[in-house]
Amino acid sequence: MIEIKDLHKSYQMGKNSLHVLKGINFDVKEGEFVSIMGSSGSGKSTLLNIIGILDETDEGSYTLDNVPIKNLNETIASQYRNKFLGFVFQSFNLINYKTALDNVALPLYYQGMARKERMERSMHYLEKVGLANWAKHLPNEMSGGQKQRVAIARALASDPKVLLADEPTGALDTKTSYEVMELIQQINDEGKTVLVVTHEPDIADMTKRIVYLKDGQIESDKLVNQIRASQYV
Amino acid sequence: MFSIERWQEIFEGLYKNKLRTALTGVSVASGIFILVILLGAGNGIQNGIQKQFEQDAVNRVSVWPGVTQKEYNGLGVGRSVQLHNADYDLATTLLKDYIEYKSAIFSVWSGNIVYKKETGTYRVEGVHPDYQFIENASMVKGRFVNQSDNANYEKNVIIGQKVANDLFKNGEDPLGEQLNVSGMIYKVVGVYSDPGGEREESRVFIPIATAQKAYSAGDSIRSMAFTLKKSGQFDNAVAESHEFTQKLETFLKARHTIAPDDQGALYINNSLEQAKNIYIITGGVQAFFWFVGICTIIAGVVGVGNIMLIIVKERTKEIGIRKALGASPISIITMILQEAVFITVIAGFSGLIFGLIVWEIVGPYVEADFFTRPEVDFNVAVTTLVILIVAGAFAGFVPAYRAAKIRPIVALRGE
Chain A
23 MIEIKDLHKS
33 YQMGKNSLHV
43 LKGINFDVKE
53 GEFVSIMGSS
63 GSGKSTLLNI
73 IGILDETDEG
83 SYTLDNVPIK
93 NLNETIASQY
103 RNKFLGFVFQ
113 SFNLINYKTA
123 LDNVALPLYY
133 QGMARKERME
143 RSMHYLEKVG
153 LANWAKHLPN
163 EMSGGQKQRV
173 AIARALASDP
183 KVLLADEPTG
193 ALDTKTSYEV
203 MELIQQINDE
213 GKTVLVVTHE
223 PDIADMTKRI
233 VYLKDGQIES
243 DKLVNQIRAS
253 QYV
Chain B
85 MFSIERWQEI
95 FEGLYKNKLR
105 TALTGVSVAS
115 GIFILVILLG
125 AGNGIQNGIQ
135 KQFEQDAVNR
145 VSVWPGVTQK
155 EYNGLGVGRS
165 VQLHNADYDL
175 ATTLLKDYIE
185 YKSAIFSVWS
195 GNIVYKKETG
205 TYRVEGVHPD
215 YQFIENASMV
225 KGRFVNQSDN
235 ANYEKNVIIG
245 QKVANDLFKN
255 GEDPLGEQLN
265 VSGMIYKVVG
275 VYSDPGGERE
285 ESRVFIPIAT
295 AQKAYSAGDS
305 IRSMAFTLKK
315 SGQFDNAVAE
325 SHEFTQKLET
335 FLKARHTIAP
345 DDQGALYINN
355 SLEQAKNIYI
365 ITGGVQAFFW
375 FVGICTIIAG
385 VVGVGNIMLI
395 IVKERTKEIG
405 IRKALGASPI
415 SIITMILQEA
425 VFITVIAGFS
435 GLIFGLIVWE
445 IVGPYVEADF
455 FTRPEVDFNV
465 AVTTLVILIV
475 AGAFAGFVPA
485 YRAAKIRPIV
495 ALRGE
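Chains A and B are the protein sequences, given in the same order. Our numbering runs 22 ahead of the 1-based position in the first sequence. Our numbering runs 84 ahead of the 1-based position in the second sequence.
Please keep in mind that the hints were generated in silico from the structure rather than gathered at the bench. The model shown is predicted, which means the values in this text are computed figures rather than measured ones. Each hint should be verified, as a subset may be incorrect.
[Said to hold, decoys possible] Residues from chain B shown here face chain A by an in silico Cβ test under 8 Å; the list is partial:
1. 259
2. 260
3. 261
4. 405
5. 411
6. 412
[Unchecked claim] Think about it this way: if two alpha-carbon atoms lie no more than 25 Å apart in a straight line, the pair counts; the simulated PhoX-like pairs of lysine-lysine are:
7. B:100 <-> A:120
8. A:105 <-> B:100
9. B:401 <-> A:120
10. A:158 <-> B:337
11. A:236 <-> A:197
12. B:401 <-> A:158
[Said to hold, decoys possible] A few chain A positions that, by computed beta-carbon distances, are all more than 10 Å from chain B:
13. 71
14. 81
15. 103
16. 104
17. 134
Glycine included, every Cβ here is placed at the ideal spot set by N, Cα and C.
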């Protein structure tokens, strides 16, 4: 599903060049549930942004679902994001003047789907995250956990190949974190490829494979026994 | 651009952000409203000035004698010049190619006029029939002086509207009534009104032949007045009237043995040259209001552009989210521009209509000497509105374009 070879990325900080990723080789197969860990500055968010086609590589190759991702113009990049990827952010990033349902429907709007179908499908995903009753509510009327579940529903609505979550539990308390992780585990159980960036070991333990980044390189990459979040909830 | 889905998305955005929509709309609407008010006021002042100078025919030339100030051909200083019927007859024959209307005038500065128990003092002028057109007077009732009045020394009088109002207090029909003018009985044959207002309407006209006889003036006249044939172009008209004035002056000075450079012996007043000044003044007023109007439009454009900039700034995160979810840059740009143009059009038209309504309602109440008919050329208003919309869209395009270029990760990094 994801193939990354010898990836380099550096940022210009004034006159200094900051070499963030120094040769990453990394594959993810369909249906995997991977967590990327590392201290801050290790390059884990940069890697996720590149995987999410929100940022570009300097060197090396990135192939997503057998499509090479290189030198895309903004329009193609946005189409690929829409088609291949679902995003979940730490700060939820819901549009605050749109209802939960309209937020979920937004990626489908950019696919050009008709309004009626869009709404039906969005409602289906809201039901899936257990928020059907909250469809008409605005984000500021919801709790953090509810907002993150709306964001997950939105990420799933376009039926992407990969779900990318950047610190999905970073803004949530432990109990809510586990509830969100339980939902993400269910999604993975249904066969969706999931990538989570986190610095919390207990969250990483709920995935099936942990990749440690250190100073822009992969320090370790190992399969783990998944801990079901449901046992904490 | 015309997809219903996109409009639904835009209307939702506008409806959910009522305050932002309202503020943008109000600033655009007030800009257009102020512009309409300014244009109306400018036109009102221009119309007012023009009306003030409409009282006499615009191409009028008047001649009246004075006292010599220079010795000439053995004649001394301080000699009063007296014009006669012959001067008038010869001058009109000599210069008939230029002249449209002509009249000699014998005026009695103030005549005491009595009707039954009412009396008043008014200027009495003996004139020729053409004088009606030289004065721009129009008949309310009856007729003006005619040829047979002069031929037969008829004791007929034509009175101004003001005189009629003063003397015929009970609403009697003045026509056919007898008036005692300075001791002689005249019959009222006409009532006139004059665009110059009450001052010009508090005069009475009698046939010049009658006046000369009644006041034992022989063939003396006090002044002459002419209007000149109209010329297509204003500058030509000024040139011709200047030419006419000079020929008339040369002719009369030669006849009365006046030094060609004597400034006091003969006064010739050319209203067209005055009119030229008026045109320059109104042109200046108009230019001023155009200047103010254009400044208002520029302020409006800058304002709209500024609002667009703030809106885009405020929406950076939303734009980032939309891009992460698959919005292409072009769809971001068109979304912002469509919203902006939609608000500008609706608000701009509201301001325009509101301004027009205000002038429609208030206009009739603000008539004054130098302010009348404050109207706005609808085409001008619509043109400025279109300019504002196009410029607003253009001003909005730059920030929209920049917003569309923002990398989603930069936009989303906000928190």
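Status of the hints after comparison with the structure:
Against a cut-off of 8 Å between C-beta atoms, the interface hint on residue 259 of chain B is violated, since the closest Cβ of chain A lies about 78 Å away. Using the Cβ-Cβ criterion of 8 Å, the hint placing residue 260 of chain B at the interface with chain A is not satisfied: the shortest such distance is roughly 83 Å. For the restraint placing residue 261 of chain B at the interface with chain A, the shortest Cβ-Cβ distance is roughly 81 Å, beyond the 8 Å limit, so the hint is violated. Checking residue 405 of chain B against chain A: minimum C-beta separation of about 5 Å stays under 8 Å; hint holds.
Evaluation of the residue 411 of chain B hint against chain A yields a held restraint, the C-beta minimum of about 5 Å falling below 8 Å. Look at residue 412 of chain B: its Cβ gets to within about 4 Å of chain A, closer than 8 Å, so that hint holds up. Between the alpha carbons of residue 100 of chain B and residue 120 of chain A the distance comes to roughly 8 Å, so the proposed pair stays at or under 25 Å and holds. Our distance criterion of 25 Å between C-alpha atoms is broken by residue 105 of chain A and residue 100 of chain B, whose separation comes to about 28 Å.
Under the criterion of a C-alpha separation no larger than 25 Å, the hint pairing residue 401 of chain B with residue 120 of chain A is consistent with the structure, at around 14 Å. Proposed proximity of residue 158 of chain A and residue 337 of chain B is contradicted: the alpha carbons are some 98 Å apart, above 25 Å. The suggested pairing of residue 236 of chain A with residue 197 of chain A is violated, with an alpha-carbon distance near 29 Å, which exceeds 25 Å. Taken as a hint, the residue 401 of chain B and residue 158 of chain A pair is honoured in the structure, with Cα atoms around 22 Å apart against an allowance of 25 Å.
Annotated as non-interface, residue 71 of chain A brings its C-beta within 10 Å of a C-beta of chain B; the closest such distance is 5 Å. The non-interface label for residue 81 of chain A is consistent with chain B: the shortest C-beta to C-beta separation is roughly 19 Å, beyond 10 Å. Distance to chain B contradicts residue 103 of chain A as a non-interface residue, since its nearest Cβ pair spans about 5 Å, not more than 10 Å. Chain B draws residue 104 of chain A into its interface by the beta-carbon criterion, the shortest separation being 2 Å against a cut-off of 10 Å.
Under the 10 Å C-beta cut-off, the non-interface status given to residue 134 of chain A relative to chain B is violated; the minimum distance is some 8 Å.
Going down the numbered hints, you'll see the structure goes against 1, 2, 3, 8, 10, 11, 13, 15, 16, 17, while the others check out.
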